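Novice: Listed here are the chains, written in short residue letters.
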Amino acid sequence: MSVQQQANGSNREMVRAEKIVKRFGDLTVLNGVDLSVKRREVVVVIGPSGSGKTTLLRCINHLEKIDDGRIYIEGELMGYREKNGRLVEDSEANIARIRSQVGFVFQRFNLFPHMTALENVIEAPIHVLHESRAEVTGRALALLDKVGLADKANAYPHKLSGGQQQRVAIARALAMNPKIMLFDEATSALDPELVGEVLKVMKQLAEEGMTMVVVTHEMGFARDVCSHVIFMDKAVIVEEGTPEQIFEHAQNERTRNFLGMIS
Amino acid sequence: MFEWNTVWHFLFADPNHLFLIAAWRTLWISVVAQLCGVILGLFLALMRMSRFSYLNGPARGYIWFFRGSPLLVQVLLLWDGLPRIINNPNFLLPDWACILVAFSLNEGAYMAEIVRAGITSVDVGQMEAAKSLGMRYALAMRRIVLPQAARVIIPPLGNEFNNMLKTTSIASVIGLLELTGTAEVYGSQNFVIFELLIVATVYYLLLTTIWGYLQSWIENRLDPNRTIKTELDQKSWAARMLGFGSPRPGGAGTLASGR
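Sequences listed follow chains L and W, in order. Using our numbering, you'd call the opening residue of the first sequence number 46 and step up by one each time. Using our numbering, you'd call the opening residue of the second sequence number 2 and step up by one each time.
A portion of the hints provided could be inaccurate.
[Stated by the list, open to error] When the alpha-carbon atoms are kept at most 25 Å apart in a straight line, the in silico SDA-like pairs for lysine to any residue are as follows: (1) L:Lys204 - W:Val153; (2) L:Lys110 - W:Ile194; (3) L:Lys204 - W:Arg222; (4) L:Lys204 - W:Arg152; (5) L:Lys110 - W:Arg222; (6) L:Lys224 - W:Gly126; (7) L:Lys224 - W:Arg137; (8) L:Lys204 - W:Asp224; (9) L:Lys128 - W:Tyr138; (10) L:Lys204 - W:Tyr138; (11) L:Lys204 - W:Val125; (12) L:Lys110 - W:Arg152; (13) L:Lys110 - W:Ile219; (14) L:Lys204 - W:Ser122; (15) L:Lys204 - W:Ile219; (16) L:Lys204 - W:Leu223; (17) L:Lys110 - W:Met128.
[To be verified] Now the in silico label distances, taken between C-beta atoms and shown as ranges: (18) W:Leu56 - L:Gly286: 45 to 51 Å; (19) L:Gly241 - W:Tyr138: 34 to 40 Å; (20) L:Glu137 - W:Ile40: 22 to 28 Å; (21) L:Glu180 - W:Trp218: 32 to 38 Å; (22) W:Ser122 - L:Asp112: 28 to 34 Å; (23) W:Val203 - L:Ala195: 54 to 60 Å; (24) W:Tyr55 - L:Glu127: 23 to 29 Å; (25) L:Gly95 - W:Arg61: 49 to 55 Å; (26) W:Leu198 - L:Arg178: 34 to 40 Å; (27) L:Ala195 - W:Thr209: 45 to 51 Å.
Don't read these hints as lab results, they were simulated from the structure. None of the values given here were measured: they were computed from a predicted structure. All C-beta atoms, glycine included, are put in the ideal place defined by N, C-alpha and C.
Go ahead and model the full structure; you've got the sequences and the hints to work with.
Specialist: Right, here's the structure in full:
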């Protein structure tokens, strides 16, 4: 990509969510949430448990259906298409195609336990992108090296620590050359001493210019790395702004209370 | 007088290989019916788990019928009843076809529930991870979910096949001479029915024993944690019995509990 294109693309909206409503039965988990993520931006979503931040992330990837609103990935409607002015569920092929461009890192890693680390990483590029095994394997080994696990390529997930598993999961998502990476509490299931190694990889990605939406409880990461912080509570976005605005000069009382409790 | 010589003769000295041929019949009927049942069961299970009622409805109905009525009745309905039901007396399936169709349809219903249990046992996160990588449902099923479900499916599948080997004796009712039928027909003609039933039993035991070994071999092959076994072998019997430190299959589950 040329410098010119990059400059043009830097303001490009990678994710846009408009008035998202999501209900689980009688419970409204997202009540009119808007979100805009530009290219190379790192957006961190914070908030108490049950505030809807994980659901928001899952909706972006259409792992949850939404009850109202619209989500666009790079200008393309996600999960639905318009038919006579109404939204209907999009075809499976289309949803899969858009998902293949969006990396998702799960709280519980979800590595494929019947495959080695390397096989986990090359699985989707081979079977979804139909790339040659040799080509993908080279890229996969480079990615495993990047996350510091070159020596674990042939290990099965159950032989790896939580932090190692999560780093393999990140490499697996990156192998698809995604345009956006979504992190759903990627360090919450880890023992405290393993959190750092995963955050380091995430930080490196951010520095390389990856567009990221990160749901996390790691305020240090939010402060140092991100360009935009969103605070959610009770199904809505309460406050958002730069890390400085949110962490130093929060306007809303709920934001201040939450930050006061966790620091 | 019980004639042990007759038993001996038909086991080891029969120039016509009467029971060997019958055992072969038992075996191929079992294998073909089981294979058809597994394939049928796989599709029924996927239908049954679909959120669309036009798929899960028929699957539920099918399973309800074939698990809810005796196999013998199903065989007779197909053999004797079908020509009358469709009011065409010339429509007569050959005996072996009746048996194969009835056994396959019946086995499909049981396998459907076994496959469904296997698929349900795989963590939902696996399907989500596959989808997040851009895989479509069918690909994710084939590459990610079913290989993991297989480990749960194989042991009861082994049971089913073991049962199938013996259930083929129902074929004797419509005159298909598999092991039991052969023993009955030749036994009653020559007044050595119990002798020949013993011969048949020996063959049944032989078949099920061979299958038992084959099954353990398959289960072993499918276990990705085979290396763990060697580790476990080095542990004390108490550790093995109580499962201390034995990693649970499918890494994700272990981590969930440690959260």
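Novice: Each hint: holds or not?
Specialist: Going through the hints against the structure:
no.	hint	result
1	L:Lys204 - W:Val153	21 Å, holds
2	L:Lys110 - W:Ile194	66 Å, violated
3	L:Lys204 - W:Arg222	19 Å, holds
4	L:Lys204 - W:Arg152	19 Å, holds
5	L:Lys110 - W:Arg222	39 Å, violated
6	L:Lys224 - W:Gly126	22 Å, holds
7	L:Lys224 - W:Arg137	19 Å, holds
8	L:Lys204 - W:Asp224	15 Å, holds
9	L:Lys128 - W:Tyr138	24 Å, holds
10	L:Lys204 - W:Tyr138	28 Å, violated
11	L:Lys204 - W:Val125	21 Å, holds
12	L:Lys110 - W:Arg152	31 Å, violated
13	L:Lys110 - W:Ile219	40 Å, violated
14	L:Lys204 - W:Ser122	21 Å, holds
15	L:Lys204 - W:Ile219	23 Å, holds
16	L:Lys204 - W:Leu223	18 Å, holds
17	L:Lys110 - W:Met128	16 Å, holds
18	W:Leu56 - L:Gly286: 45 to 51 Å	48 Å, holds
19	L:Gly241 - W:Tyr138: 34 to 40 Å	37 Å, holds
20	L:Glu137 - W:Ile40: 22 to 28 Å	23 Å, holds
21	L:Glu180 - W:Trp218: 32 to 38 Å	36 Å, holds
22	W:Ser122 - L:Asp112: 28 to 34 Å	31 Å, holds
23	W:Val203 - L:Ala195: 54 to 60 Å	58 Å, holds
24	W:Tyr55 - L:Glu127: 23 to 29 Å	26 Å, holds
25	L:Gly95 - W:Arg61: 49 to 55 Å	36 Å, violated
26	W:Leu198 - L:Arg178: 34 to 40 Å	56 Å, violated
27	L:Ala195 - W:Thr209: 45 to 51 Å	49 Å, holds
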